[in-house]
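The C-terminal residue of the sequence shown carries number 115 in UniProt numbering, and the numbering is unbroken.
No lab work stands behind these hints: they were computed from the structure.
Honestly, I wouldn't trust all of these hints.
[Said to hold, decoys possible] Pairwise CB distance ranges (calculated):
hint	residue 1	residue 2	range
1	ALA84	PRO36	34 to 40 Å
2	GLY58	GLN20	26 to 32 Å
3	SER82	HIS52	25 to 31 Å
4	TYR29	GLU56	31 to 37 Å
5	ASN50	LYS111	16 to 22 Å
6	HIS35	PRO57	29 to 35 Å
7	GLN37	LEU60	30 to 36 Å
8	GLU25	HIS75	27 to 33 Å
Glycine is no exception: its CB is placed at the ideal position from the N, C-alpha and C atoms.
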Amino acid sequence: MPSPAEFHYNDFLSDSEDLQIPEGEFVIYGTVYAHPQHADALEAIYAYTNEHAKSEPGTLQYYLVRDADDRNVFHMFEHYASRAAFDEHNSQPIIQKLINEDNYIKGVKAKFFSP
(Lines of atoms letter the chains of each structure in order from A and count residues from 1; the text may use other names and numbers.)
(Lines give C-alpha, C1' and ligand atoms only; values in the text may rest on other atoms or scores of the structure.)
Protein backbone atom coordinates (compact mmCIF):
# COMPACT_ATOMS: atom_id res chain seq x y z
CA MET A 1 0.00 0.00 0.00
CA PRO A 2 1.43 3.41 -0.93
CA SER A 3 2.26 5.95 1.75
CA PRO A 4 -0.13 8.90 2.11
CA ALA A 5 2.34 11.04 0.14
CA GLU A 6 2.48 8.63 -2.80
CA PHE A 7 0.04 8.15 -5.62
CA HIS A 8 -0.30 5.77 -8.51
CA TYR A 9 -2.08 5.93 -11.86
CA ASN A 10 -5.61 5.30 -10.58
CA ASP A 11 -5.16 8.15 -8.12
CA PHE A 12 -3.86 10.33 -10.94
CA LEU A 13 -7.10 9.70 -12.83
CA SER A 14 -9.26 10.47 -9.82
CA ASP A 15 -10.12 13.85 -8.39
CA SER A 16 -7.06 15.32 -6.69
CA GLU A 17 -9.31 16.01 -3.67
CA ASP A 18 -8.75 12.34 -2.74
CA LEU A 19 -4.96 12.73 -2.64
CA GLN A 20 -3.17 13.82 0.50
CA ILE A 21 -1.54 16.88 -1.03
CA PRO A 22 -0.14 19.59 1.24
CA GLU A 23 -2.02 22.90 1.23
CA GLY A 24 1.19 24.94 1.30
CA GLU A 25 4.36 24.72 -0.78
CA PHE A 26 5.30 21.23 -1.96
CA VAL A 27 7.19 19.23 -4.57
CA ILE A 28 6.29 16.15 -6.59
CA TYR A 29 8.78 13.77 -8.10
CA GLY A 30 8.08 10.59 -9.94
CA THR A 31 7.82 8.62 -13.14
CA VAL A 32 5.32 8.55 -15.98
CA TYR A 33 5.07 5.41 -18.11
CA ALA A 34 3.84 5.99 -21.66
CA HIS A 35 2.18 3.52 -23.98
CA PRO A 36 4.95 2.87 -26.55
CA GLN A 37 2.84 3.96 -29.51
CA HIS A 38 2.21 7.34 -27.83
CA ALA A 39 5.61 8.10 -26.28
CA ASP A 40 6.71 10.51 -29.04
CA ALA A 41 3.41 12.40 -28.91
CA LEU A 42 3.62 12.55 -25.13
CA GLU A 43 7.12 14.01 -25.39
CA ALA A 44 5.75 16.80 -27.61
CA ILE A 45 2.96 17.51 -25.13
CA TYR A 46 5.44 17.62 -22.26
CA ALA A 47 7.65 20.03 -24.22
CA TYR A 48 4.63 22.33 -24.42
CA THR A 49 3.68 21.93 -20.75
CA ASN A 50 7.30 22.47 -19.66
CA GLU A 51 7.36 25.78 -21.51
CA HIS A 52 3.85 26.84 -20.49
CA ALA A 53 4.50 26.12 -16.80
CA LYS A 54 7.15 28.88 -16.74
CA SER A 55 4.36 31.46 -16.88
CA GLU A 56 1.94 29.79 -14.45
CA PRO A 57 1.57 31.72 -11.19
CA GLY A 58 2.45 29.41 -8.32
CA THR A 59 4.30 26.87 -10.45
CA LEU A 60 7.84 27.36 -9.18
CA GLN A 61 9.55 24.56 -11.13
CA TYR A 62 8.16 22.07 -13.62
CA TYR A 63 10.17 19.49 -15.51
CA LEU A 64 9.01 16.41 -17.38
CA VAL A 65 11.87 14.78 -19.25
CA ARG A 66 12.20 11.62 -21.30
CA ASP A 67 14.48 8.87 -20.05
CA ALA A 68 17.57 8.38 -22.22
CA ASP A 69 17.55 4.58 -21.86
CA ASP A 70 13.85 3.72 -21.86
CA ARG A 71 12.06 6.01 -24.32
CA ASN A 72 8.64 5.05 -22.87
CA VAL A 73 9.54 6.52 -19.48
CA PHE A 74 9.40 10.17 -18.39
CA HIS A 75 10.67 11.63 -15.13
CA MET A 76 8.89 14.49 -13.40
CA PHE A 77 9.83 17.12 -10.89
CA GLU A 78 7.22 19.73 -10.05
CA HIS A 79 7.37 22.44 -7.38
CA TYR A 80 4.26 24.40 -6.46
CA ALA A 81 3.68 27.34 -4.13
CA SER A 82 0.40 25.83 -2.97
CA ARG A 83 -2.27 23.21 -3.48
CA ALA A 84 -4.29 25.88 -5.31
CA ALA A 85 -1.44 26.36 -7.83
CA PHE A 86 -1.29 22.58 -8.39
CA ASP A 87 -5.05 22.40 -8.92
CA GLU A 88 -4.90 25.34 -11.34
CA HIS A 89 -2.12 23.67 -13.33
CA ASN A 90 -4.08 20.42 -13.51
CA SER A 91 -7.28 22.17 -14.60
CA GLN A 92 -5.72 23.23 -17.93
CA PRO A 93 -7.41 21.64 -20.95
CA ILE A 94 -4.20 19.94 -22.17
CA ILE A 95 -3.66 18.29 -18.77
CA GLN A 96 -7.32 17.26 -18.50
CA LYS A 97 -7.12 15.78 -22.00
CA LEU A 98 -4.09 13.70 -20.99
CA ILE A 99 -5.82 12.50 -17.84
CA ASN A 100 -9.25 11.81 -19.29
CA GLU A 101 -9.04 11.17 -23.02
CA ASP A 102 -5.79 10.45 -24.79
CA ASN A 103 -4.70 7.14 -23.26
CA TYR A 104 -1.05 8.14 -23.77
CA ILE A 105 -0.17 7.32 -20.17
CA LYS A 106 0.09 3.72 -19.04
CA GLY A 107 1.04 4.52 -15.46
CA VAL A 108 2.26 7.13 -13.01
CA LYS A 109 4.11 6.76 -9.75
CA ALA A 110 4.89 9.88 -7.77
CA LYS A 111 5.45 11.23 -4.29
CA PHE A 112 4.54 14.55 -2.70
CA PHE A 113 6.84 16.27 -0.22
CA SER A 114 6.82 19.56 1.67
CA PRO A 115 10.20 21.30 1.44
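Structure-based check of all given hints:
In this structure the hint that ALA84 and PRO36 lie 34 to 40 Å apart at CB holds, the actual value being about 35 Å. The hint said 26 to 32 Å for the Cβ distance between GLY58 and GLN20, and at roughly 19 Å that hint is violated. A beta carbon spacing of about 18 Å between SER82 and HIS52 contradicts the range 25 to 31 Å that was offered as a hint. Against the hinted window of 31 to 37 Å, the Cβ-Cβ separation of TYR29 and GLU56 comes to about 18 Å, which falls outside the hint.
About 20 Å separates the C-beta atoms of ASN50 and LYS111, a value consistent with the hinted range of 16 to 22 Å. A hinted range of 29 to 35 Å holds for the C-beta pair HIS35 and PRO57, which are about 32 Å apart. A hinted range of 30 to 36 Å holds for the C-beta pair GLN37 and LEU60, which are about 33 Å apart. For the pair GLU25 and HIS75, the beta carbons lie near 21 Å from each other, so the given range of 27 to 33 Å is not met.
Consistency with the previously given hints fails for numbers 2, 3, 4, 8, ordered from lowest to highest.
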